[in-house]
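Participant: Please construct the entire structure, taking both the sequences and the accompanying hints into account.
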Amino acid sequence: VLWTSILAHNPGNPNWVNRDRFVLSNGHGSMLLYSLLHLTGYDLSIDEIRNFRQLGSKTPGHPEYRETPGVETTTGPLGQGLANAVGMAIAEKLQATRFNTPGSAIIDHRTYVFVGDGCLMEGISHEAASLAGTLRLGKLVCIYDDNGISIDGDIKGWFTDDTPARFRAYGWHVIADVDGHNPDEIRAAIEAAKADDRPSLICCKTVIGYGSPNKQGTAASHGSPLGDDEITLARASLDWTDVAFETPADVYELWDCRKKGADLENAWRQSFAEYKDSNPALASELERTLAGDLPDNWTSEMEKLAQHMQAQQRSIASRSASGEVIEKLAELLPELVGGSADLSGSNCTSWPAAKPMSGDNSDANYINYGVREFGMTAISNGMVLHGGVRPFSGTFLIFMEYARNAARMAALMGIPNILVYTHDSIGQGEDGPTHQPIEQLANLRGTPNMTVWRPCDAVETVIAWQSAIENVTGPTALVFSRQGLPTLNRSGPQFANISRGAYTIFETDVEPQNLILATGSEVSLALEAGKQLQRDGVSVRVVSMPCIELFEQQSADYQESVLPRDVRRRVAVEAAHVDYWRKWVGLDGAVIGMTGFGASAPGGDLFKHFGFTVEHITDAVKNLS
Numbered sequence: 000v001l002w003t004s005i006l007a008h009n010p011g012n013p014n015w016v017n018r019d020r021f022v023l024s025n026g027h028g029s030m031l032l033y034s035l036l037h038l039t040g041y042d043l044s045i046d047e048i049r050n051f052r053q054l055g056s057k058t059p060g061h062p063e064y065r066e067t068p069g070v071e072t073t074t075g076p077l078g079q080g081l082a083n084a085v086g087m088a089i090a091e092k093l094q095a096t097r098f099n100t101p102g103s104a105i106i107d108h109r110t111y112v113f114v115g116d117g118c119l120m121e122g123i124s125h126e127a128a129s130l131a132g133t134l135r136l137g138k139l140v141c142i143y144d145d146n147g148i149s150i151d152g153d154i155k156g157w158f159t160d161d162t163p164a165r166f167r168a169y170g171w172h173v174i175a176d177v178d179g180h181n182p183d184e185i186r187a188a189i190e191a192a193k194a195d196d197r198p199s200l201i202c203c204k205t206v207i208g209y210g211s212p213n214k215q216g217t218a219a220s221h222g223s224p225l226g227d228d229e230i231t232l233a234r235a236s237l238d239w240t241d242v243a244f245e246t247p248a249d250v251y252e253l254w255d256c257r258k259k260g261a262d263l264e265n266a267w268r269q270s271f272a273e274y275k276d277s278n279p280a281l282a283s284e285l286e287r288t289l290a291g292d293l294p295d296n297w298t299s300e301m302e303k304l305a306q307h308m309q310a311q312q313r314s315i316a317s318r319s320a321s322g323e324v325i326e327k328l329a330e331l332l333p334e335l336v337g338g339s340a341d342l343s344g345s346n347c348t349s350w351p352a353a354k355p356m357s358g359d360n361s362d363a364n365y366i367n368y369g370v371r372e373f374g375m376t377a378i379s380n381g382m383v384l385h386g387g388v389r390p391f392s393g394t395f396l397i398f399m400e401y402a403r404n405a406a407r408m409a410a411l412m413g414i415p416n417i418l419v420y421t422h423d424s425i426g427q428g429e430d431g432p433t434h435q436p437i438e439q440l441a442n443l444r445g446t447p448n449m450t451v452w453r454p455c456d457a458v459e460t461v462i463a464w465q466s467a468i469e470n471v472t473g474p475t476a477l478v479f480s481r482q483g484l485p486t487l488n489r490s491g492p493q494f495a496n497i498s499r500g501a502y503t504i505f506e507t508d509v510e511p512q513n514l515i516l517a518t519g520s521e522v523s524l525a526l527e528a529g530k531q532l533q534r535d536g537v538s539v540r541v542v543s544m545p546c547i548e549l550f551e552q553q554s555a556d557y558q559e560s561v562l563p564r565d566v567r568r569r570v571a572v573e574a575a576h577v578d579y580w581r582k583w584v585g586l587d588g589a590v591i592g593m594t595g596f597g598a599s600a601p602g603g604d605l606f607k608h609f610g611f612t613v614e615h616i617t618d619a620v621k622n623l624s
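Position 411 of the sequence shown, counting from 1, maps to 410 under the numbering used here, and the rest follow consecutively.
By construction, these hints were calculated from the structure, which means they are not laboratory data. Take the hints with a grain of salt, since some may be wrong.
[What the hints assert, rightly or not] Derived Cβ-Cβ restraints for the label pairs, each shown as a range:
1) Gly147 x Met30: 18 to 24 Å
2) His307 x Ala95: 34 to 40 Å
3) Trp157 x Ser236: 28 to 34 Å
4) Thr594 x Lys303: 38 to 44 Å
5) Trp297 x Gly11: 32 to 38 Å
6) Thr433 x Lys582: 24 to 30 Å
7) Thr433 x Lys155: 32 to 38 Å
8) Asp178 x Lys155: 16 to 22 Å
9) Thr240 x Asn265: 34 to 40 Å
10) Gly147 x Gly226: 20 to 26 Å
11) Lys155 x Pro351: 50 to 56 Å
12) Arg581 x Asp160: 35 to 41 Å
13) Lys155 x Ala95: 37 to 43 Å
14) Ala495 x Trp254: 55 to 61 Å
[Stated by the list, open to error] Lysine-lysine pairs mimicking DSS-like chemistry, simulated, CA-CA at most 27 Å apart:
15) Lys607 x Lys621
16) Lys155 x Lys204
17) Lys275 x Lys258
18) Lys57 x Lys204
19) Lys327 x Lys303
20) Lys582 x Lys621
21) Lys258 x Lys193
22) Lys204 x Lys193
23) Lys327 x Lys354
24) Lys530 x Lys582
25) Lys193 x Lys259
26) Lys607 x Lys582
27) Lys621 x Lys530
Glycine is no exception: its CB is placed at the ideal position from the N, C-alpha and C atoms.
Facilitator: In structure tokens form, the structure reads like this:
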């Protein structure tokens, strides 16, 4: 009903800007989506359907973004598709408010998401749905496949929520007790949902494995093939006599949406041409943001900001420096949308001209996510996937753990979500070990396609943000301090090399016998230790490594110029888990870091207690064999 009668989509152009979005949150039902794509005319052949779950096919076990035309997001972990859909609906609402004019609704589409029992059991469904109701996302329609079965069997033993009441409490429009096998009821429910200005939940009662005489309505039809005998019985039950993988021509004709989709897009393009004539500046800006292009003055303005930070020579927490950068970014990039999980002041993610989004106001560029770290990150993923906006979101680094799977999904999809994490070490102090990250940096750095910055001062903070905005092939984690950090002196080449991820900040000679590697707040300590070693007659180089992933992408010659391979006397200094640094210091080196959890005390006292002092660093260098 949805795909042939209601969904505004063009199989000939899966990326048409004003298409309706469709998300299959219960992604284990991927063959449903692949079948829809194939039958309606997307570039997904019957051979790809035959190759379901095989290496190199376009039909993986769960829908994968960029792998299959028409798949809007990767949905494996349950519930995240629902949160992605909320993000898409937010992005549509923000863009519509910004670009639509009286008589020209150039951004006007809906987001449909299918969910199952598992999606609604996951806690992220609460986070995302609660915010969606608060923001009154009227173009979001959620269709619940209420079949009462999960992998372990009948859900009555573990999921007895009154789901319609739950969503009504969120402020949703709820249509309950729809027969999920009755097209007329389904069509009426979707049309009713479209007519309401609240997000809608349509509860469709269905039978899993419908048509299988012995396995329908049971967990046996959830994740395993029916088997040849049961397939034969099911085909007879459904009166389906055609050969497997052969679809009758009249069925293809009924399902084919290519002409209808092309007509829809062509009509929109005509409307956009008229819009462009009447609103050339708005149209140009819309095209720029949809293309992901940066304004012409981008590089020069960021260079000026970095030079300004360098000239100030002040001590400032990198989270505070980040806040100043964000204020400038908001001037340069109207598509920037910030947010925080109830920590806007602590994360310094808001700025004086920020405009919070609400149910009554979509002329906005900031989202108060409340205490919803997981939902926030997955919603931001959805905003990126929608296109036309550049979201970033903030929380404490330790609470990255709540959002971990959504951060991983951003990396898996290769989308440029920006993740702001503050209070980056034991240096945050009195809140104690529950709030002091230890293993989180290693966790982020160990995630493929994740770029992690931990700046040592305000200048590196500017470059980190510039890198994050320019990175369009994966997420960037920006990790900032609570405590003040001195602005370091730099020469021209040092300044230029920050963007390479690692560079020499101090050295006693060009062929050092010892190397000190550090990030973040520990760089200034390493620098003081280097100067002390110089006074003691020890040859040493201090290297700031704010972004190791970028350093690893540099030429072998540049890497050698910073970290000579034959200099094996190395000490790494970072107030985080020691094991990550073994790859950089080798068996001959030493790591000054954390091997256990922190403690509750002022940050300065904790640094001394755990050995993050100039004296400890100099001793470690001198004691290398």
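Participant: All hints, please: hold or fail.
Facilitator: Verification of the supplied hints:
1. Gly147 and Met30 have their C-beta atoms about 21 Å apart, which keeps the hinted 18 to 24 Å range intact.
2. Restraint check, His307 to Ala95: a C-beta distance of roughly 36 Å satisfies the suggested window 34 to 40 Å.
3. Checked against the given bound of 28 to 34 Å, the beta carbons of Trp157 and Ser236, roughly 30 Å apart, stay inside it.
4. Distance hint check: the CB atoms of Thr594 and Lys303 are about 43 Å apart, consistent with the given range 38 to 44 Å.
5. Separated by about 34 Å at the C-beta atoms, Trp297 and Gly11 satisfy the suggested range of 32 to 38 Å.
6. Between Thr433 and Lys582 the Cβ separation comes to about 29 Å, which falls inside the hinted range of 24 to 30 Å.
7. Roughly 37 Å separates the CB atoms of Thr433 and Lys155, a value that falls within the hinted 32 to 38 Å.
8. Distance hint for Asp178 and Lys155: a CB-CB separation of about 20 Å, consistent with the stated range 16 to 22 Å.
9. Thr240 and Asn265 have their C-beta atoms about 39 Å apart, which keeps the hinted 34 to 40 Å range intact.
10. Against the hinted window of 20 to 26 Å, the Cβ-Cβ separation of Gly147 and Gly226 comes to about 22 Å, which satisfies the hint.
11. Checked against the given bound of 50 to 56 Å, the beta carbons of Lys155 and Pro351, roughly 53 Å apart, stay inside it.
12. About 47 Å separates the C-beta atoms of Arg581 and Asp160, a value inconsistent with the hinted range of 35 to 41 Å.
13. In this structure the supplied range 37 to 43 Å holds for Lys155 paired with Ala95, their Cβ-Cβ distance being about 42 Å.
14. Look at Ala495 against Trp254: about 57 Å separates their beta carbons, and that is inside 55 to 61 Å.
15. Of the pairs offered as hints, the one joining Lys607 and Lys621 holds, with about 19 Å between alpha carbons and a cut-off of 27 Å not exceeded.
16. A threshold of 27 Å between alpha carbons decides the hint, and for Lys155 with Lys204 the separation of about 15 Å falls inside it, so the pair holds.
17. For the hint pairing Lys275 with Lys258, the CA-to-CA distance comes to about 25 Å; that is within 27 Å, so the pair holds.
18. This hinted pair does not check out: Lys57 and Lys204 have alpha carbons roughly 31 Å apart, beyond 27 Å.
19. The hinted pair formed by Lys327 and Lys303 meets the criterion: a straight-line CA distance of about 11 Å does not exceed 27 Å.
20. Pair hint Lys582 plus Lys621 holds up; C-alpha atoms about 21 Å apart against a cutoff of 27 Å.
21. Using a Cα cut-off of 27 Å, the hinted pair Lys258 and Lys193 holds, with the two alpha carbons roughly 24 Å apart.
22. At most 27 Å may separate the alpha-carbon atoms for a hinted pair to count; Lys204 and Lys193 meet this at roughly 20 Å.
23. Only pairs whose Cα atoms come within 27 Å are accepted, and Lys327 paired with Lys354 is accepted, the gap being roughly 15 Å.
24. Proximity of Lys530 to Lys582 is assessed by CA-CA distance (about 26 Å); at most 27 Å being required, the pair is judged to hold.
25. The hinted pair formed by Lys193 and Lys259 meets the criterion: a straight-line CA distance of about 20 Å does not exceed 27 Å.
26. As the CA atoms of Lys607 and Lys582 are separated by approximately 26 Å, the hinted pair is consistent with the 27 Å bound.
27. Distance check on the hinted pair: Lys621 and Lys530 sit about 14 Å apart at the alpha-carbon level, within 27 Å; holds.
Comparing the model with each earlier hint shows violations of hints 12 and 18; every other hint is respected.
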